[in-house]
Structure formats: C-alpha cells, structure tokens
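Engineer: Residues per chain are reported as follows:
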Amino acid sequence: MSSGRFAFVLRRLLSLAPLLLGILLLAMLLLSLAPGDPARQVAGPRAPQSEVDAVATELGLDRPVWERYVRYVGQVLGGDLGTSFKTGQAVGGQVVEQLPITLSVAALGVLFALLVTVPLAVAAARRPDGLMDHLIRLLAVFGIGLPTFWVAIMAIRMVALPTGWFPVAGTGEGTGDFLRALVLPSSVVAVSILAPMVRSLRATMMELEDAEFVLAARTLGFGGLSLLRQFQLRNAVPSLITVTAAQAGYALFGTVVVEVAFGLPGLGQGLVVASSTQDFPLVQGYVIVFAVLVVLLYLVSDIVNAVVDPRVRITA
Amino acid sequence: MSIISSTASPLGAIAGATEPTRPRGRWSGRIKLVVGLLIVGTYVVLALLAPWLTSHDPTDQDILNALQPPSPEHPLGTDEAGRDELARLLYGARIDLPIAFLVTVLPCLLGTALGVVCGYLGGWFDAMVMRVSDLLQAFPTYILMIVLVFSLGHGVRSLLIAFTVVGWVVYARLVRTEVLRIREAGYITAAVTAGFRTPRIIVRHVLPNTLRQTLIYLTSDLVFAVTALAAFSFLGFGIQQPTPEWGAMTAAAQPYMTTNMSLTVLPGLVITVLALGFALLGDGLQDRRGAR
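Keeping their order, the protein sequence lines are chains H and C. All residue numbers for the first sequence refer to the UniProt record's numbering, where the first residue is 1 and numbers rise by one. All residue numbers for the second sequence refer to the UniProt record's numbering, where the first residue is 1 and numbers rise by one.
With the rest of the complex left out, here is chain H:
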C-alpha cells in the first residue's frame, strides 16, 4: 500500500472517533426521552418507592448526565453493552448471537441486487432510449414504491407456501436449512434496494458515453458491448460502490422488516421485540450496533473506492 493510500485510510479511521462518541451520546439522550422510569421498569410496577430509588442508585440514574455519559462510554469501549431489564442477560451476548443472521440476510441481499443491477444497467445503456432502456426505467420507477413488508408477505404466500422449497418462518437446523431460509428474505431485501442502484448505474454509464476516453476508444474501433464493459462500466465502478454502500445501509432497515415478516431471529426482530417490551438497555445496544454497522459500511466503501480509484485520495 502506498503512503498516500495509507494516509487516506488513517485519516478516515481517525474521523470515526468523534462520530462514534456522537452515536453513543445520541443513543443515551434519545432513550432518556422515553416515557416511564427505567428504575421503575426494573423494580417492577408494585415495588415501593424506596426500592425504586435503590435501583436508580444502583443503575447510576441519579448521577448527572455527563457523568453517566462518561461511564457509559467507558463501559461500551470495554465491550459491555449493559444488561437487559427483562431477561437479565448481557446485551452484548444477545447481539452477537443475532448478528450473523442479520449480516447474512443483508449481505446476500446486496449481492443479489448487484447481480441483477449490472446486467440490467448495461442492457439499458446499450441503446439509450431504446425499448429495453424504457422498460428497465419503468421497472425501476415501479420498484421504488414497492413496500418491502408487502413484498416479503407476497414472497411467503406466492413462493414459499405453494412450492414448499423454503421455510415460511425461522431458520431451521443445520447449515443447509439456514442457507435455504436466507434465500427468500435476501431476495426481498435485494428487491427493496434494487431500483436506485439500476437507475444510478445506468445514468453514470450514459454520462460516461460523452467522456473523452470513451470517444477515444470509439475512434480506436471499440464499440457495442466491449466498449460498454471495458470503458463505461469499469469507470462507473467507483460511483457504483458508493451507491451500493448507501443502499446496503438501507438494506439493514429492510432486514428489520424482512426478519419480522419471515420470523427470523436477527437483530431487526430483536430491536422490534425489545422496543415493544420497553427494554431500554437492549434497545440502546441495538441502536449502537446498527449505527456502528452503517459507519463501518461507509468506511469500507470509502477505502475500497480509494483503492480502486486514485482520484478519491486526492480530493477527499
């Protein structure tokens, strides 16, 4: 790795520190807005006030906000996300258990989306304003408004139930079952992020149509698919990476909905359950994990971009 690249990655990593501190602060402040007294939640609805006060002291809820924040940051940095109010289990352990499901669904979803995006965008860019182009653009407009939860339910009703190939709920047992259980949820996630990706890649490739190096390639005799693939598509890769990263962030939200619809025990379902049971530390833990995932995602996309495209390092 050259020194310019290294400096870029280092700068980018350093910029994460204030962001992570901000995320922790937001997570803490947001939940202090929530109705109800956390101490009362833990002590139980019929506990006497003295007991509630004791719990508040134990949880440190009687300390000033800044002190709680500093303590909380130290605790999280030490790998401790707190303890669930309801189950008394460590939040970290629960998250680690659920993380693989969510990550698999989201990652497979992004992969599926990419596998569909590239051929569609190339097909559309081949003959701008042609029949294929119009059809694909129409599909993209339609796809943007599809409600993910509804697509998920339709997938269960129209594919999983009649064919019996995929489990309707849960992940089953063993690796084979697990992978089979992921196919439909990931496909639904892919559908939810597909349209903007196709539109963006198509638009970028068309803009490149007028670029000087494309004109140069044309004068050298390149044309048709090889021109598209070797010049327009390759130079559209950096913008495709950026769009994919943004859509992968969206895919994480898609997994929340999809996990609920398919009954998959991942982070998303966990967040929804924790919210409905008013489990503050658990919700807080999920928020932090989701936020960190998105931050890491953007970090990776920036680094990949810097590796692929030298111009990024200069302008960033």
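Note that these hints are calculated values from the structure, not bench results. What you were told as hints is all true, and nothing was included just to trick you.
Okay, the calculated beta carbon distance ranges per label pair:
| hint | chain 1 | residue 1 | chain 2 | residue 2 | range |
| --- | --- | --- | --- | --- | --- |
| 1 | C | Leu109 | H | Leu21 | 27 to 33 Å |
| 2 | C | Thr259 | H | Leu29 | 42 to 48 Å |
| 3 | C | Thr198 | H | Asp309 | 39 to 45 Å |
| 4 | C | Trp124 | H | Ala54 | 44 to 50 Å |
| 5 | C | Asp62 | H | Val96 | 44 to 50 Å |
Far from chain C by the CB rule (all over 12 Å, computed), these chain H residues:
| hint | residue |
| --- | --- |
| 6 | Arg68 |
| 7 | Gly74 |
| 8 | Leu114 |
| 9 | Thr175 |
| 10 | Asn235 |
| 11 | Val304 |
Backbone N, C-alpha and C fix where the C-beta goes; we use that ideal spot for every residue, glycine too.
Go by the hints and put chain C onto chain H.
Structural biologist: Using the frame of chain H, we list chain C on its own:
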C-alpha cells in the same frame, strides 16, 4: 444524440458529443407527470368521497362476520374483526395520505428555512447546523426513526417528530447549496445595491429560485414517506389498529394469508400504486428539468 452516438462509428460519436441537448425527457416526462397526477388525484378524490362511497364505518367490529368472502353487503369481504375491508381501504386514504404529506412537508419547511439562513448568513450558525447534519447523516436513518418513535411513544405526533428530525437535513443542504450559488448572481447584487433589506431579498429573490429543486426532491420524498409510514405501522411503531392504516392492516391480516389472501394483498397494492403515482410525478418533474 443518443441514437447516433450509440452506434460504433467514431464520426457519429463526435457528432453526438457536440449536440447540446438530449431530445428525450420532454415527451416521456409529460406522460409521467400526467399519469402520476391522475393516480394521486384519484386517491385524493377517493379519500374525500370515502363517506359517500361506502355506508360502513371502517372501525365497526362484527366478530360474528369476521373473515367473510366478498358479498353484496361487503364488496371486498370483511377483515379479522369483521370490519368492512372496502371501507377500511377507502378510509385508509384519509389516514395515510395526509400523514404522508405532513411528514414530508414539515421537514421540508424546517430544512428550507435553515438552509436559507445558513447559506445567506454563513458564520457560526451555518457551521453549527452543518455539523449537526453531518452527525445525523452518519446515523442510519431508519434506526434513528425507530428509536425516536420508540422514545416518544406511538402515534402520529411521534411519527411527525421522527420524520422531521431525520428529514430536514437533505432539504437544508440542498437549499443551502442553491443559496450559495444564487448569492453570487447579478440580480441579488442588484437587490442589495438597491438597498432592500435582507429578509425581503431572501423571500422575494432567493427562495423562489430554490423552489424547483426542493419540489423535485419533495415529490420523491413522498414515495419514501408513503412506504416508510406503512412499514412503521406494520412493525407496530406507527399507527395502531383499529385505525384503518394500510400497513397496520397488512400486519393484522398476516396470520390469515392462506385463507383470506386479499386482506394482505389489497392494502399493499393500494400503497404500491400510490407510491408509483408519486414516483412518476417526481420522475416527470426531473425529466422536464433535464430537458430545459
């Protein structure tokens, strides 16, 4: 130019590159606008006329007649609590449409105001607002919204706050950039020289010039609002049963999808078509702008 330059001939490519405008856009843009307007207009009319189009109350329960197939009395059958499905779908437009508008327009107003002030005045206020927007943009939008709705309790008020807290950022940035550009324009210098006071310049000269961009984004934001609103209610964070909200209706009907499929199909379809209407509107506006 696209037809010429997509052929392999180098001559064609050069001829294409010198042609300044793309002829596409104007035509398809107009069609999209008209179809989009027709769809959204139909929904608005149906929402307004709901009480005259059905004699049923959308929240009237009749457990003995739950999950009935379509009949002359209930054209689309009844749901899991014996409520008339057609009435619920129609009255749903009175819930989803106005709330979708509200959760889009409020962030737009807030963001526009902040963007104008930031762009025109600059200084520490601008710096502060931009840092806050950086932080908000780094946060995953939906997770932030879920937490906000969770913290503030269920209902329309929480949805409004959550959408506004998250949504103003894009408008502020958009308008700020436009204002920075416009500020340098000759007619603003002229207005300043003429001695007009700042508020008047902002309202009369700066704001109107940022409107077009904002409007395009607002329309595409409506697509998001319609689907996200329903998704939140589907997850149980938004509007609760028995209020006839399309997302909540889908969630409630999910257990009965094998026996009463239409109860899950119809609300989703209604959302999809409305979102499509807004998407076409936004796309049409964008195409027309591109054609200019």
